[in-house]
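Based on these hints, arrange chains Z, C and E on the given structure of chain R.
Protein chains: 4
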Amino acid sequence: MGKEGIRYAAKVDLEKPPTEQTCLHNRWHPDIPSTATIKNNEVVKIECIDWTGGQIKNNDSADDIKNVDLTRVHYLTGPFDIETAEPGDVLVLEIQDVQPLQEQPWGFTGIFAKENGGGFLDDLFPKPAKAIWDFEGIFCSSRHIPGVRFPGLIHPGILGCAPSASLLETWNKRESELVSNCKHLDHEVAKLPEPRNVHATTASADLKEKIGKEGARTIPGRPEHGGNCDIKNLSRGSKVYLPVHVSGAKFSVGDLHFSQGDGEISFCGAIEMAGVITIKFSVMKDGMKNLDMKSPIFVPGPVEPQFGPGRYIYFEGFSVDELGKQYYMDATVAYRQSCLRVFEWLRRFGYNDYQIYLLLSCAPIQGHIAGIVDIPNACTTLGLPIDIFDFDVSVEAKVEKRDLGSCAFASE
Amino acid sequence: MGKEGIRYAAKVDLEKPPTEQTCLHNRWHPDIPSTATIKNNEVVKIECIDWTGGQIKNNDSADDIKNVDLTRVHYLTGPFDIETAEPGDVLVLEIQDVQPLQEQPWGFTGIFAKENGGGFLDDLFPKPAKAIWDFEGIFCSSRHIPGVRFPGLIHPGILGCAPSASLLETWNKRESELVSNCKHLDHEVAKLPEPRNVHATTASADLKEKIGKEGARTIPGRPEHGGNCDIKNLSRGSKVYLPVHVSGAKFSVGDLHFSQGDGEISFCGAIEMAGVITIKFSVMKDGMKNLDMKSPIFVPGPVEPQFGPGRYIYFEGFSVDELGKQYYMDATVAYRQSCLRVFEWLRRFGYNDYQIYLLLSCAPIQGHIAGIVDIPNACTTLGLPIDIFDFDVSVEAKVEKRDLGSCAFASE
Amino acid sequence: MGKEGIRYAAKVDLEKPPTEQTCLHNRWHPDIPSTATIKNNEVVKIECIDWTGGQIKNNDSADDIKNVDLTRVHYLTGPFDIETAEPGDVLVLEIQDVQPLQEQPWGFTGIFAKENGGGFLDDLFPKPAKAIWDFEGIFCSSRHIPGVRFPGLIHPGILGCAPSASLLETWNKRESELVSNCKHLDHEVAKLPEPRNVHATTASADLKEKIGKEGARTIPGRPEHGGNCDIKNLSRGSKVYLPVHVSGAKFSVGDLHFSQGDGEISFCGAIEMAGVITIKFSVMKDGMKNLDMKSPIFVPGPVEPQFGPGRYIYFEGFSVDELGKQYYMDATVAYRQSCLRVFEWLRRFGYNDYQIYLLLSCAPIQGHIAGIVDIPNACTTLGLPIDIFDFDVSVEAKVEKRDLGSCAFASE
Amino acid sequence: MGKEGIRYAAKVDLEKPPTEQTCLHNRWHPDIPSTATIKNNEVVKIECIDWTGGQIKNNDSADDIKNVDLTRVHYLTGPFDIETAEPGDVLVLEIQDVQPLQEQPWGFTGIFAKENGGGFLDDLFPKPAKAIWDFEGIFCSSRHIPGVRFPGLIHPGILGCAPSASLLETWNKRESELVSNCKHLDHEVAKLPEPRNVHATTASADLKEKIGKEGARTIPGRPEHGGNCDIKNLSRGSKVYLPVHVSGAKFSVGDLHFSQGDGEISFCGAIEMAGVITIKFSVMKDGMKNLDMKSPIFVPGPVEPQFGPGRYIYFEGFSVDELGKQYYMDATVAYRQSCLRVFEWLRRFGYNDYQIYLLLSCAPIQGHIAGIVDIPNACTTLGLPIDIFDFDVSVEAKVEKRDLGSCAFASE
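For the protein sequence lines, the chains are R, Z, C and E, in the order given.
Just so you know, we're using the UniProt record's numbering here: the first sequence kicks off at 1 and counts up by one.
Just so you know, we're using the UniProt record's numbering here: the second sequence kicks off at 1 and counts up by one.
Just so you know, we're using the UniProt record's numbering here: the third sequence kicks off at 1 and counts up by one.
Just so you know, we're using the UniProt record's numbering here: the fourth sequence kicks off at 1 and counts up by one.
Next comes chain R alone, as it looks inside the complex (with noise of 0.2 angstroms):
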């Protein structure tokens, strides 16, 4: 880097919609072309817009929430060629710096409605409803959710290479599987390519309508390249090992969270925002193969939150669900459970169920797979940070009902 300044690889403009800005795209393809080049060990500034493409209001209805459409998500920035990145390679990816945008200083919380998107616990909670964010430097507070401030991990929720053709197939292929073996459940299960509001800059009309047809959709995360995995603690100073499947890598992230809980519970549950991610690349060769590597690896930076062991309220969940209805080692099951925990709690001093989903969402929560042996009960721990409230939320607190106002809400 030279005394100027690093370089910006893309910059996005707020004040123009997601489908006029140059350098995004919403669904992975291997033939979307890509935006820009990056070389071997360059660093680079990123921007990105939030992952919704600013369907979501700063304002105090859900109504835009409500009525979002996933359709369009999530808006990534890129594809990016690394320079020498080829097959087979690991692209090295640090994570130097993660910053919103100056110019927008805030994010959402949202919790979408049961029949449009839902989230871990719809069927509990199924309105939709949301939280504003204000930033202040390191920490973030909300006027939907008062007595609650805490400071932000930082991250991006979606990085990946694009996958290869043949992946891609394998992608679709598994997930239709899925989706034919599950037709009795009255839910979504997968994603499958959605031809509506297919976005790409770089592409052409006949490329859009292929990349509808096939391209994977960017909810789920997978294992062959990582994209939306949606982990905390990718924050400031992380190194992230991404395998590579097509000549160049073509690299995109987004979706970049101002913080995040272990699980991102309701769906669009971190603080989503707008905002610039610098990055170092640097392509190691061969790199699958001398990790023997099947899956996306990390390794944190240096400068987590630190709240002191002894300043987190763990909640144990296990593999009976509310119902009292046994289920086999089932982590997933014990985890929500661990979740419902800390909704008992919190309703003690005066929050609303919806605010504590928000909350539990996009604070910095710890969720742990405990004991996943003895059969038939997993066990899963929820550790809830009692120093991000500015009252006393602990186990020794004397408990009163707080006017704590409300999240907000979509009209009826």
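Keep in mind that the hints were calculated from the coordinates and are not lab data.
Hints may contain errors.
As the list claims (entries may be wrong) - Under the rule of at most 35 angstroms between Cα atoms (straight-line distance), these lysine-lysine pairs were calculated in the DSBU-like manner:
id: 1; chain 1: R; residue 1: LYS401; chain 2: E; residue 2: LYS398
id: 2; chain 1: Z; residue 1: LYS285; chain 2: R; residue 2: LYS325
id: 3; chain 1: Z; residue 1: LYS280; chain 2: R; residue 2: LYS401
id: 4; chain 1: E; residue 1: LYS11; chain 2: Z; residue 2: LYS16
id: 5; chain 1: E; residue 1: LYS401; chain 2: Z; residue 2: LYS39
id: 6; chain 1: Z; residue 1: LYS183; chain 2: R; residue 2: LYS191
id: 7; chain 1: R; residue 1: LYS285; chain 2: R; residue 2: LYS39
id: 8; chain 1: Z; residue 1: LYS280; chain 2: Z; residue 2: LYS325
id: 9; chain 1: Z; residue 1: LYS11; chain 2: E; residue 2: LYS57
id: 10; chain 1: R; residue 1: LYS39; chain 2: R; residue 2: LYS213
id: 11; chain 1: Z; residue 1: LYS401; chain 2: E; residue 2: LYS39
id: 12; chain 1: E; residue 1: LYS398; chain 2: C; residue 2: LYS39
id: 13; chain 1: E; residue 1: LYS45; chain 2: Z; residue 2: LYS16
id: 14; chain 1: E; residue 1: LYS398; chain 2: C; residue 2: LYS127
id: 15; chain 1: C; residue 1: LYS45; chain 2: R; residue 2: LYS16
id: 16; chain 1: E; residue 1: LYS114; chain 2: C; residue 2: LYS173
id: 17; chain 1: E; residue 1: LYS294; chain 2: Z; residue 2: LYS398
id: 18; chain 1: C; residue 1: LYS239; chain 2: R; residue 2: LYS280
id: 19; chain 1: E; residue 1: LYS45; chain 2: Z; residue 2: LYS11
id: 20; chain 1: C; residue 1: LYS398; chain 2: E; residue 2: LYS289
Same frame as chain R, but now just chains Z, C and E:
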């Protein structure tokens, strides 16, 4: 506490078989008479034998692991009556210390045979195996897994209060239903009451027969009382809050671990030991209602080993299994994948698969639920601390196969 | 804060010389008119130039360091009137963020010549030297000290409220007495008021003359207001509590550091930079009395880099100097010895003495007062984090002299 | 280590007076015969009595502190011959564990009378006082300082190898010179050899006389061998590297502390106890040359209590004393000021000055050298952990004087 030291509420004698010990039991049942009484706010020491009751020896063969008799486990110390505790109260435990017994400064980690106990990865690694760990103050090392040494995050694997008769009935009913519903599966899904080898020092023959018929097995933890939760962070200094279901609480503890990784993946996966735990007991009247408590909670102590966030390698896992099958939001499948990634990583340095399986089970690895909303893929992460190795296993390491010996196996 | 971003209370222009900047001053004096007003509970951004006002350049010669004009330092931004602040109040600052200026992503560490500024070890290392650091997000590295790279613990070196007239008199009196009492020494012991190069944008010519005669120099911190305290831990998220001595507080800030080690031993020892600091100001009425406050206090933020306690080598120092002379309980002598031990350590790997001196000044080393009561030896410790090096400098390291280049020196 | 537990290299008997113990000495001298031999790479346990040899009792009077006989201290266990150690080698210690003796689960902190021992603040607080601490596993609390409880950072206050005859001569010479040069001072500046109450179990009467004349006192630590360094961080898991000056090393250890704050400011300031330390010894041949070692170094263990950086209040101190006198770069004066600020803080809550003095000495406070270059003011910081109090002492706390009892004082 006076000047004369802390009172022992129970002592064991390692020279005697468990069946001759006077303060043990191996089933959960409300009718097991208390072995001793502890005052409210009293601090006591409680000795425990290892969970198998001495079945596993400090030698270089895994024959004992292969032939382990699981109808006899877990040997717990108790039950203890805590004065003033009544149903609806919360029993507060401060775990002031946990230590191995001076006369037995070693422990074991085992992999049970697929056909006798099994573990999280028994379909891939079906053979019995064992590692013996020598304790060196706060550290441990093993002749069966050279090149690794780490401080123990010492803790009890099991603690809980006795169930009430009606709670016991609930447990037996729901676990029986699971067994009924899973008859098509080729493996055991739950441990129902088992009359063989019931042990309860304080019980009459008639009572023992009743316990054999009704007593809940100690293998799973259960949401209503905790029990076998296997939470690695319940270490020195932790406070644990347990629901009380019977008069006097009838608290029991056992299954002490010198160390364990999140998940305890090989089932006999912690470093199992005989030891002594120092606990302060106090009763929070009406705690279950006041805390709206449905499952135990805890606050960790301040002395967890600290490696620094940048001293872990994190492995991502998604709910697609190793055969390419897509599961729907299954965190258990995802964590299994995170585990498998560590095998691939460590094999390159010369460890055999069973050494890795043992190590993953007992070393202080961090298992997180990262994303649980992006259908259909749950995402987990598993953090491997690199400072437990005395050679470089980082991403930058020069990889060469070392002679790293072997764990103990069974004779054919 | 509204949606439109945080207000700038002061901006600088790096294209202009400091004397043409409109919001700076370089002496402490109660009569310097305020440059702007800040509301109680307001959050503002404040830009600062580097402490020397651009005297030091991004090049490979230390001539600028050799010839630095110390009558001109430190250029502080301010003073700011904080609404409602009155003498006796405490001004509460939350440091929400500190960043380098985007257009100048580099900083410098200097060793002043013994005859012009000097430093903690100038009798041993009298020559001027310099290292330029490039900022890479939260990290920095230097072409002048290869092999090392670390995250910055970014902070302001100077912040404080203006002294009252009588406090200023106290300062001048006690420092003059020291100068009088130390005439026999061969070095400067304090910086008394200096008319040359007084800068105060907002002051008239007459006032400037007065400031030149009376204004306290910014070189030392002072107990009554803090000022140049050079505390490395006043980083993002910290709260600082400052005594207020004049109406409006007249707060100033400057001397921003990308990183610094405990002691800042080479004097120009931090990584000095131009930057922007985001502060929330609030006034605690009668705080000095209520807190019984005589000197500033602070509470660090939650985001310090974490290396893990076992990733430091600690060097002991005692109050016996390198010639074998015994001092009585002198922690300054002891810390000097701790510093010298690091030279001996790092020389073995190929660094030259001036590189080590620079590194010790700016890297996140931990300087502790260990024992201060065992006559006649004070004992200090200095912790060197080994993870800032990209080769092994641990006790177990295989030592070999590397080619580690050189820092910048002055032409002869 | 075999299966039978770790060998004791020395045991003490608390029923006997120190003069009848068989493995103790209380001066540093190369001729003291070894009490036992330890193999290279061997792990042993070593028992120690408290530093005063039982002079201080578990009661509520400080008469014993007032009348303490300091000619008898410190009682160290040793010396031990370490096989293969020769001058020029480095003795590597891994401190695998430190524990109080089971039969004496309490310790003491004392403030010596100004006229008999004194301490860092004896001019302000000249009276003798005492607090007794009860050990509760890893925690301690005191009936003499209610409202506070913390985990111990348990460690040895003294460890070192015997000086050679010529090194001993150097010590005696330089400390005598200091005494000669300070005759004008009204207080003792160093402890010269003292024939009274020399103890060395293994020495003949003639040798004892020689030791009395020449033997170095144990009060100060010294740069060439460490000794009484009082470093709170030499806790479980630490590795210490000590220079060897005589054949066999002649290692001694004692002055075990359950906890101590940086500075150990009241002199008898740690929580002093009898205990047992488990150490692995290994010899690094030619280590002094290879490491260019002039003073001991150490690497802390991984299990320090973690409070989180934001759970400390830091108090700034500068080298201007409480009478307003300006000192030149004197870190000792500055740290004294940091200490005094804590008195002002805690008095507001109801503690008396001697309780605060005791607490500051033994609680895990962090003392840092912040700035040591801005003439004439050294700046130190002292971090007070707020989580050791069971009521709120933070800046935001509602201050009210509580009834916090009293420490033990001497009868008049």
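**Report entry** Given hint LYS280(R) paired with LYS239(C) - CA-CA distance at most 35 angstroms
**Finding:** Holds - the C-alpha atoms of LYS280(R) and LYS239(C) are around 32 angstroms apart, at most 35 angstroms.
**Report entry** Given hint LYS398(E) paired with LYS401(R) - CA-CA distance at most 35 angstroms
**Finding:** Roughly 21 angstroms between the alpha carbons, so the hint for LYS401(R) and LYS398(E) holds.
Query raised in the report: Between LYS39(R) and LYS213(R), does the CA-CA distance stay at or below 35 angstroms?
Result: holds (32 angstroms)
Requested in this report: Below or equal to 35 angstroms on CA atoms is what counts here, so check LYS398(E) against LYS127(C).
Outcome: violated (53 angstroms)
Query raised in the report: If you draw a straight line from the CA of LYS114(E) to the CA of LYS173(C), is it 35 angstroms or shorter?
Result: holds (32 angstroms)
Query raised in the report: LYS183(Z) and LYS191(R): Cα distance at most 35 angstroms?
Result: Distance ~33 angstroms between LYS183(Z) and LYS191(R) Cα, so the pair holds.
Query raised in the report: Has the given pair, LYS398(C) with LYS289(E), been kept, meaning a C-alpha gap of at most 35 angstroms?
Result: Judged against 35 angstroms, a Cα distance of about 14 angstroms means the pair holds.
Report task. Assess, step by step, whether the Cα of LYS285(Z) is no farther than 35 angstroms from the Cα of LYS325(R), and give holds or violated. Result -> holds (29 angstroms)
Query raised in the report: If you draw a straight line from the CA of LYS280(Z) to the CA of LYS325(Z), is it 35 angstroms or shorter?
Result: It is violated: about 49 angstroms lies between the C-alpha atoms, which goes past 35 angstroms.
Requested in this report: Could you grab the alpha-carbon distance between LYS401(E) and LYS39(Z) and see if it respects the 35 angstroms cut-off?
Outcome: The given pair, whose Cα atoms are some 32 angstroms apart, holds under the 35 angstroms limit.
Query raised in the report: Under the criterion that the straight-line Cα-Cα distance not exceed 35 angstroms, is the pair LYS11(E), LYS16(Z) satisfied?
Result: holds (29 angstroms)
Requested in this report: For the pair supplied as a hint, LYS285(R) and LYS39(R), confirm whether the alpha-carbon distance does not exceed 35 angstroms.
Outcome: With Cα atoms ~14 angstroms apart, LYS285(R) and LYS39(R) stay inside 35 angstroms; holds.
Checked against the numbered hints listed earlier, the structure breaks hints 8, 14; every other hint is satisfied.
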